[in-house]
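Residue strings, one per chain:
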Amino acid sequence: MKPFLSVENMTQRYPDGQGGELTVFEDATFGVEKGEFVVILGHSGCGKSTIMNILAGLSDPTSGVVVMDGAEVKGPSLDRGVVFQNYSLLPWLSTLKNVTFGVAARHPEWTKAQVIDHSTKYLAMVGLEGDVIHRKPSQLSGGMRQRVSIARAFANHPKLLLLDEPFGALDALTRGTIQDELLKIWSGTEQTVFMITHDIDEAILLADRILLMTNGPYARVAESVEITIPRPRSRTEIIEHPNYYAIRNHLVQFLGKRSKEMAGQKGAVGTNSPTPVRIDKTEPEGDPETAPPALRAVNE
Amino acid sequence: MPTLSLNFRAAILSVSLLIVGLLIWEAAIPAQKAVGELTEYEILTGAGQPKAGVPPPSQVMVKAWEQLSDPFYDAGPNDKGIGIQIGYSIYRVLVGYALAAAIAIPLGFLIGMSPLAYKALNPFIQVLRPISPLAWMPLALFVIQDSEASAIFVIFICSIWPMLINTAFGVAGVREDWVNVARTHELNPIQTAFTVILPAAAPTILTGMRISIGIAWLVIVAAEMLVGGTGIGYYVWNEWNNLDLTSVIFSILMIGVVGMGLDAALGFVQRAVAYVE
Chain A
1 MKPFLSVENM TQRYPDGQGG ELTVFEDATF GVEKGEFVVI LGHSGCGKST
51 IMNILAGLSD PTSGVVVMDG AEVKGPSLDR GVVFQNYSLL PWLSTLKNVT
101 FGVAARHPEW TKAQVIDHST KYLAMVGLEG DVIHRKPSQL SGGMRQRVSI
151 ARAFANHPKL LLLDEPFGAL DALTRGTIQD ELLKIWSGTE QTVFMITHDI
201 DEAILLADRI LLMTNGPYAR VAESVEITIP RPRSRTEIIE HPNYYAIRNH
251 LVQFLGKRSK EMAGQKGAVG TNSPTPVRID KTEPEGDPET APPALRAVNE
Chain F
301 MPTLSLNFRA AILSVSLLIV GLLIWEAAIP AQKAVGELTE YEILTGAGQP
351 KAGVPPPSQV MVKAWEQLSD PFYDAGPNDK GIGIQIGYSI YRVLVGYALA
401 AAIAIPLGFL IGMSPLAYKA LNPFIQVLRP ISPLAWMPLA LFVIQDSEAS
451 AIFVIFICSI WPMLINTAFG VAGVREDWVN VARTHELNPI QTAFTVILPA
501 AAPTILTGMR ISIGIAWLVI VAAEMLVGGT GIGYYVWNEW NNLDLTSVIF
551 SILMIGVVGM GLDAALGFVQ RAVAYVE
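As you go down the protein sequences, you meet chains A and F in turn.
1 is the number of the first residue of the first sequence in the working numbering; add one for each residue after it.
301 is the number of the first residue of the second sequence in the working numbering; add one for each residue after it.
If you are wondering where the hints come from, they were derived from the structure by calculation, not from laboratory data.
Idealized CB from N, CA, C, for every residue including glycine.
Misleading hints may appear alongside valid ones.
Claimed, not checked - Residues from chain F that keep clear of chain A, each with C-beta distances beyond 12 Å, as calculated:
#1 E366
#2 I384
#3 Q445
#4 V479
What the hints assert, rightly or not - Straight line, CA to CA, 20 Å or less: simulated EDC-like cross-link-like pairs of lysine to aspartate or glutamate:
#5 K159/A <-> E486/F
#6 K136/A <-> E486/F
#7 K97/A <-> E337/F
#8 K74/A <-> E577/F
#9 K159/A <-> E190/A
#10 K97/A <-> E486/F
#11 K136/A <-> E577/F
#12 K97/A <-> E577/F
#13 K281/A <-> E237/A
#14 K97/A <-> D117/A
#15 K97/A <-> E109/A
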C-alpha cells in the first residue's frame with residue numbers, strides 16, 4: 001500500500017554553466033501519510049525549496065515521479081495549497097479579497113456571500129477580524145501577512161498543504177505566536193502538511209515526523225525521525241518532555257556533523273528511502289525494533 | 301502669528317510671483333503715444349500707425365474674457381470660438397490615443413509575456429520609436445488622402461511607443477511569486493492576465509499612458525498647424541497670420557491648461573491603480 005503522497009526516485013540536475021551538470025539531489029524517495037505533519041530539515045543548498053516547488057507542481061524534476069492520492073502530480077493544482085516564505089499576497093487586493101480570490105477559485109459555484117462568509121471565518125481563525133480584513137497587505141505587519149497567507153491556504157482545504165519556510169522572514173517572538181496559531185488551526189483538521197524549515201525547535205514543535213537531508217550536491221533524504229512527543233503540544237511544555245532534548249540532540253548532531261559526512265553517499269543498497277529513527281525515552285529499555293542501538297549512543 | 305499651512309504659503313507665493321511677473325510684463329511694453337502728441341516728423345514717418353507689438357497682459361486678459369464668455373461661436377471657417385477649436389484638437393487626440401492604446405496594450409502584453417516576441421519585435425520598435433511623428437505626415441497625407449485622418453494617424457503613431465514599451469516592461473516585471481499564486485490556484489491564462497498580471501503591471505502601464513497623452517498633446521498642435529482647417533494648432537497659426545498676438549498668447553495659455561487637464565486625468569487613474577508592495 002502506497003502512502004498518500006509518494007515521492008519516488010526524484011532527481012534534480014541543473015546545467016552548471018560550464019557544460020557539465022550539477023546534481024542537487026538524487027533518487028529522493030519518501031512518503032507522507034494522510035493527516036501527517038511532515039517537516040523537512042536541511043542546510044540551505046540541499047534542494048529543499050526545489051522539492052517544494054516540484055510537490056507544488058511549479059517545476060518538474062529531472063527524473064522521478066510524485067504520486068498523490070493515486071494520481072501523478074503534473075502541474076500546479078488547487079489540491080496542493082502553498083504558503084510561500086514571502087507571503088505572496090497580491091498587494092492591490094485587500095486582506096479579505098486575497099482570501100476570497102482563492103476561495104472563489106476553489107469553489108466557482110459558490111455565491112459571493114458564501115465565499116465572503118467562508119473567507120471571513122478562516123481569517124477569524126488566525127485572529128484577523130473587524131476592520132483589519134479590509135486593509136491592504138502593505139498596511140499589515142509581517143506576522144499578520146503570513147496569517148492571511150495561512151488562512152488563504154487552509155480555507156481552500158487542499159489535500160496537501162505545502163509550507164515553504166513560512167516563518168523564515170519573521171522575528172522570533174512573532175514566529176512563536178504564529179506557530180501556536182498554525183498548530184491550533186491545524187489540530188482541528190485532518191490536513192496533511194509538508195513543511196520546509198531550518199529551525200530545529202520549530203520542526204520539533206510542529207512535526208509528526210522530520211525528514212533530514214544531507215548536504216548537497218547529491219543531497220538525499222537520509223533519515224526520518226519520528227517525534228515521540230504527544231499532542232497537543234505547546235512551546236513551553238514540550239521542553240519538559242523527556243524526549244525533547246534527546247530528539248533535539250539527534251537533530252543537532254545530524255545537521256552539525258553527519259549531514260556533511262553523509263553528503264554524496266548512497267543509502268542502503270537498492271533503496272534510497274530514509275532510515276526510520278525513533279527516539280523514545282518514555283518506553284521501557286531494550287526494545288530493539290523501535291530504537292536501533294546505533295542511535296542510542298547519541299542520546300546517552 | 302499662527303503658522304500657515306505649507307499649501308497656503310505656497311499659494312501666496314504663487315500668486316505673488318504671478319502678479320509681479322504680469323506687472324513687469326505690463327510695464328515692459330512701451331505705450332504708444334496718442335496721435336496728438338506726435339511731432340510732425342513722427343507722423344510723416346508713419347509712427348501714428350498702430351504698431352504690431354507684444355500685447356500687455358491686460359489686453360490678453362480682455363481677450364481671454366471675450367473668448368471664454370462665448371467659446372462656441374461659429375462665424376465661418378476662419379472664425380470659430382476657442383471651445384470649438386480645442387474640442388477638435390481633443391477629439392483628434394483622444395481618437396488617435398485610443399487607437400494606439402487598443403493596439404499597444406495587447407501587443408505590450410504579448411511582448412512582455414513572450415521573450416520570443418520581445419526579441420523579434422524589438423528591432424522594429426527601436427527603429428520606429430525615434431522617428432518624429434511629423435515625419436510621417438507627408439506619407440500619411442498621401443496614403444490616407446484625408447487631412448483629418450492623417451492628423452489622427454500622427455497622434456496614433458506618436459502615442460503608441462511609450463504605452464507599448466511600458467506595458468511590455470510592466471508585464472515582464474510582474475513578480476514570479478504572484479504568477480505562482482495564480483498557478484497554484486489553477487487560474488487559466490485569461491484569468492491570470494486579468495486578475496494578476498494586469499493589476500500588477502497597471503501602474504507601469506499607466507505611466508506609459510501618461511507619457512503618451514503628454515506627447516500626443518504636444519504633437520497635435522504642430523500637426524494641426526500643418527493640416528489646417530480646425531483645431532487649436534490651426535488657431536495659433538491662423539492668428540499669427542492675422543498678426544493677432546493677443547490671440548496667440550491666449551491660445552498658448554489654453555494649450556497649457558488643457559494639457560494640464562489631460563495629464564491630471566491620467567494622474568488620477570494612475571493613483572487609483574497604484575499599490576504599495
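So, going through the hints one by one against the coordinates:
1. E366: E366/F is indeed farther than 12 Å from all Cβ atoms of chain A, at 48 Å.
2. I384: It holds; I384/F is separated from chain A by about 41 Å at its closest Cβ, greater than 12 Å.
3. Q445: 46 Å, holds
4. V479: 10 Å, violated
5. K159/A <-> E486/F: 15 Å, holds
6. K136/A <-> E486/F: 24 Å, violated
7. K97/A <-> E337/F: 80 Å, violated
8. K74/A <-> E577/F: 31 Å, violated
9. K159/A <-> E190/A: 9 Å, holds
10. K97/A <-> E486/F: It holds: about 17 Å lies between the C-alpha atoms, which stays within 20 Å.
11. K136/A <-> E577/F: Measuring from Cα to Cα gives roughly 9 Å; hence the hint holds.
12. K97/A <-> E577/F: Status holds; Cα separation ~16 Å.
13. K281/A <-> E237/A: 16 Å, holds
14. K97/A <-> D117/A: 12 Å, holds
15. K97/A <-> E109/A: With a Cα-Cα distance of about 17 Å, the restraint between K97/A and E109/A holds, given a limit of 20 Å.
Hints 4, 6, 7, 8 from the list above are not met by this structure, while the remaining hints are.
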